[in-house]
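Colleague: Each chain is listed here by its residues.
Number of protein chains: 2
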Amino acid sequence: MSHITSYIQENLNRFLDELFVILRTPSVSSIPAHSPDMLNCAKQLVQALNFAGADFAEVFPTAGHPVVFGKKMIDPSLPTVLVYGHYDVQPIDPRNLWDSDPFEPEIRNGAIYGRGANDDKGQLFMHIKALEYLLRHNKLSCNVKFLLEGEEEIGSESLKAWAENHKDMLKCDAILVSDTTMLDEKVPSINCGMRGLAYLEVEVTGPNKDLHSGHYGGAVANPINELCAMIASLIDSNGKITVEGFYDDVLDLSVEERAMLARAPFEIEHYKKSIDINEVKGEVGYSTLERTGIRPCLDVNGIWGGFIGEGSKTVIPSQAFAKISMRLVPNQNHKKIAALFEKHFIKIASPCVTVKVKPHHGGQPFLTPISSEMYKTASNAIQEVYGIEPVPTRGGGSIPILADLQDILGVNPLLMGFGLERDTIHSPNESFLISQFTKGIEAIVKFFEGYSG
Amino acid sequence: MSHITSYIQENLNRFLDELFVILRTPSVSSIPAHSPDMLNCAKQLVQALNFAGADFAEVFPTAGHPVVFGKKMIDPSLPTVLVYGHYDVQPIDPRNLWDSDPFEPEIRNGAIYGRGANDDKGQLFMHIKALEYLLRHNKLSCNVKFLLEGEEEIGSESLKAWAENHKDMLKCDAILVSDTTMLDEKVPSINCGMRGLAYLEVEVTGPNKDLHSGHYGGAVANPINELCAMIASLIDSNGKITVEGFYDDVLDLSVEERAMLARAPFEIEHYKKSIDINEVKGEVGYSTLERTGIRPCLDVNGIWGGFIGEGSKTVIPSQAFAKISMRLVPNQNHKKIAALFEKHFIKIASPCVTVKVKPHHGGQPFLTPISSEMYKTASNAIQEVYGIEPVPTRGGGSIPILADLQDILGVNPLLMGFGLERDTIHSPNESFLISQFTKGIEAIVKFFEGYSG
Chain A
8 MSHITSYIQE NLNRFLDELF VILRTPSVSS IPAHSPDMLN CAKQLVQALN FAGADFAEVF
68 PTAGHPVVFG KKMIDPSLPT VLVYGHYDVQ PIDPRNLWDS DPFEPEIRNG AIYGRGANDD
128 KGQLFMHIKA LEYLLRHNKL SCNVKFLLEG EEEIGSESLK AWAENHKDML KCDAILVSDT
188 TMLDEKVPSI NCGMRGLAYL EVEVTGPNKD LHSGHYGGAV ANPINELCAM IASLIDSNGK
248 ITVEGFYDDV LDLSVEERAM LARAPFEIEH YKKSIDINEV KGEVGYSTLE RTGIRPCLDV
308 NGIWGGFIGE GSKTVIPSQA FAKISMRLVP NQNHKKIAAL FEKHFIKIAS PCVTVKVKPH
368 HGGQPFLTPI SSEMYKTASN AIQEVYGIEP VPTRGGGSIP ILADLQDILG VNPLLMGFGL
428 ERDTIHSPNE SFLISQFTKG IEAIVKFFEG YSG
Chain B
8 MSHITSYIQE NLNRFLDELF VILRTPSVSS IPAHSPDMLN CAKQLVQALN FAGADFAEVF
68 PTAGHPVVFG KKMIDPSLPT VLVYGHYDVQ PIDPRNLWDS DPFEPEIRNG AIYGRGANDD
128 KGQLFMHIKA LEYLLRHNKL SCNVKFLLEG EEEIGSESLK AWAENHKDML KCDAILVSDT
188 TMLDEKVPSI NCGMRGLAYL EVEVTGPNKD LHSGHYGGAV ANPINELCAM IASLIDSNGK
248 ITVEGFYDDV LDLSVEERAM LARAPFEIEH YKKSIDINEV KGEVGYSTLE RTGIRPCLDV
308 NGIWGGFIGE GSKTVIPSQA FAKISMRLVP NQNHKKIAAL FEKHFIKIAS PCVTVKVKPH
368 HGGQPFLTPI SSEMYKTASN AIQEVYGIEP VPTRGGGSIP ILADLQDILG VNPLLMGFGL
428 ERDTIHSPNE SFLISQFTKG IEAIVKFFEG YSG
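Those protein sequences? They're chains A and B, same order as listed. In the numbering used here, each residue's number is its place in the first sequence (first place is 1) plus 7. In the numbering used here, each residue's number is its place in the second sequence (first place is 1) plus 7.
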């Protein structure tokens, strides 16, 4: 058994105890009431970094939730890796679908259950424990910096400006991130690209007040019916998004690239079973993996209007609302897409209603070249731990800030994620397999041992 | 000045004080937490009836909210009028749009403001005060019974069974109701018909849990998008409802009937201005008054799904929901329509989702003949008070229980309503003009003086 393997075994219970303290802190960035928890969580991470042996770790205020920055500089002449992670988590609703308290982590069937167990507290903590091991055994071969933010789940609105103001402090040769999934424990993979995001909120207003649906029904446009019709028209029968100009900047992949992507093992029946659906649905002419990896899409993430309480109310509401987001692929620009959407949505509105479109947040898609030193080092590290060469894939999700950091720091991020589809992040019963947690620490250790810039 | 006019002037402040006590009781029938308020309100009405001189008044339990029954029998050989009303009110949301506490009534610009000021506490209270006057001056020329329920706003689910069990007690020759509007103070009108209602709730389920919209977006049918597409398809470009068989039983009106209805003064610009819309919208080939009076319609009364809180959440929800109701016209059957809707809605669902349709409640439409003694007596009473012959109209709203009472008791209800469009019942800032309140009492007095069965 390798030295790192036995070290993890000997210290696993302590690692978990330390992680659970952080998981118990309800750092939900989208809910203002949780602001104090954000600061507490940031302080807990500073403690963890100091305990691991960082020579600097502090909480930095931003326009929003605080940022944690830490570092261990062993030799200025050696390359520096910046580890990015986020300590904020998604809301927990619907709470009633959780089998255990989302903020009282527990271990069931070899997995940690709780909000943030995986995304991203569990995954960023692997890097802190890898640093601890490397420092205690003098095996660190590069400088390491940590940038841990508290607004990833709400679009990293403050971090971009903060990073621009702390450009020198963040100076690095590479950005390493564990905030994504791999295809399977037996089919490790590395994300070489992520989709971007354009997230908007729409408001449809009809009459200036709620109306009695008996007195007015049939003569007045109902904002909910109008909103539904507008949303229905956004995707055509081929699964194509109807917003004018939406696909203009999309780069179609070559036959070779699509073939490479298709090497990733994928069982459609297993996929459907895992989420209990009878049929998949998406853009005609593309596989399910392509639909989530290399093609853009549009989803309504939330909708509300009228009487939604218990019982019934015969009302034509004055307004109806929806949160709508689009996932973008390389070469699409989220600001341009948001503008196209706004223009289109206002254009398709009936003269009977008025429409407001509010851009929420967004992020650029990006791509990490497989040819890079970073990718090769990560690929070797994973192969050593899993015994299999990882498959390069595309991530369907978005980490908008990574595209920004790429701009600001001029280096490519690499996404070495250890989550699995089963972990259901963002949903009730989020989890993280302990085996992935320990393998992740091992792989990160080997990366830091092997990285030479 | 007539005797009744001066009596009202002398006692108006007391009348209002007595009414305000009842308006302060938050009897919202659709919200279980208000159950105690329902009983309190019922007891307040028993007190009011006794004070007016009823020889019997009691609260009767039902399967749901209690019923108040009271009566004054002056001579078994004289005809008996049953006054129907309801003391339950609609929910107050959105609370922030009220200019004053919905349950602390106040008078502004000659009107009473508060939930229930009009619908129906204010209107039923006119009958109690009319009874008080007639008894104090020995002018009552028929027997009077009161049936005041607490579930009208939620479909009168318990009253039908209760009325069947108390058929003898409710025995009467006519049913008189003030729970509707008239066209205008200067254009008094009497409703000779009401639309029916079929109210359902739909549930669309996709994946068995909420999904990360980045990981799954583009490959999995989103229940909100699916629900919106289904709702959008329910009404075609001519404003016709697409549910198969929906119009089969609708009786088209004759040219003469439509012409008579068209006599009601109506200014489209004033109508649009009153609710601040640029254009009306409805079934092609019918006027606005016809669209709300003699034609059926479909409205989404509420919709919800996904993340509807502050901020953003990138989720594909497992489920989406909507409350959908249809207003029906004479000869349509609400049970048949609900069944047709359920069949249709399940039929149009994509194979990617499963759909549940839950009938909420409903009521039959009905029509009151203009040729009846009841109508003539009411018409004369209104003409005496307003100095104008009232216009016969159709009501767009629904009072399902009246159709049931018509069946059970075998007599026609007459809808002598004193509300005005400006009163915005069911909405924030519900109000009732004091001038309509006092004229209403006068007209009811004259009705009871003139009614000979």
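Be aware that one or more of the hints could be misleading.
Pairs count within a copy or across copies, as identical chains cannot be separated in the list.
To be verified - No more than 25 Å apart at the CA atoms, straight line, and that leaves these computed lysine-lysine pairs for DSS-like:
1. Lys247 with Lys174
2. Lys178 with Lys146
3. Lys167 with Lys193
4. Lys363 with Lys279
5. Lys50 with Lys216
6. Lys174 with Lys363
Derived by calculation from the structure, the hints in this document are not laboratory data. Given the structure is predicted, the values throughout are model-derived calculations rather than measurements.
Colleague: Would you mind marking each hint as holding or not holding in the structure?
Modeller: Hint check results:
1. For a Cα distance limit of 25 Å, the shortest separation of Lys247 from Lys174 qualifies neither inside one copy, at 40 Å, nor across copies, at 61 Å.
2. Taking CA atoms no more than 25 Å apart as the test, Lys178 paired with Lys146 passes inside one copy only; the shortest distance there is 22 Å, against 96 Å between copies.
3. In the homo-oligomer, the alpha carbons of Lys167 and Lys193 never lie at most 25 Å apart, since the shortest distance is 36 Å inside one protomer and 65 Å across protomers.
4. For a Cα distance limit of 25 Å, the shortest separation of Lys363 from Lys279 across copies, 21 Å, qualifies, whereas the shortest one inside one copy, 37 Å, does not.
5. Taking the closest pair of Cα atoms, Lys50 and Lys216 never come within 25 Å of each other, the shortest separation being 47 Å inside a single copy and 33 Å across copies.
6. Neither within a single protomer nor between protomers do Lys174 and Lys363 lie at most 25 Å apart by alpha-carbon distance, with minima of 37 Å and 55 Å respectively.
Figure legend: structure checked against the earlier numbered hints; hints not met, in rising order: 1, 3, 5 and 6.
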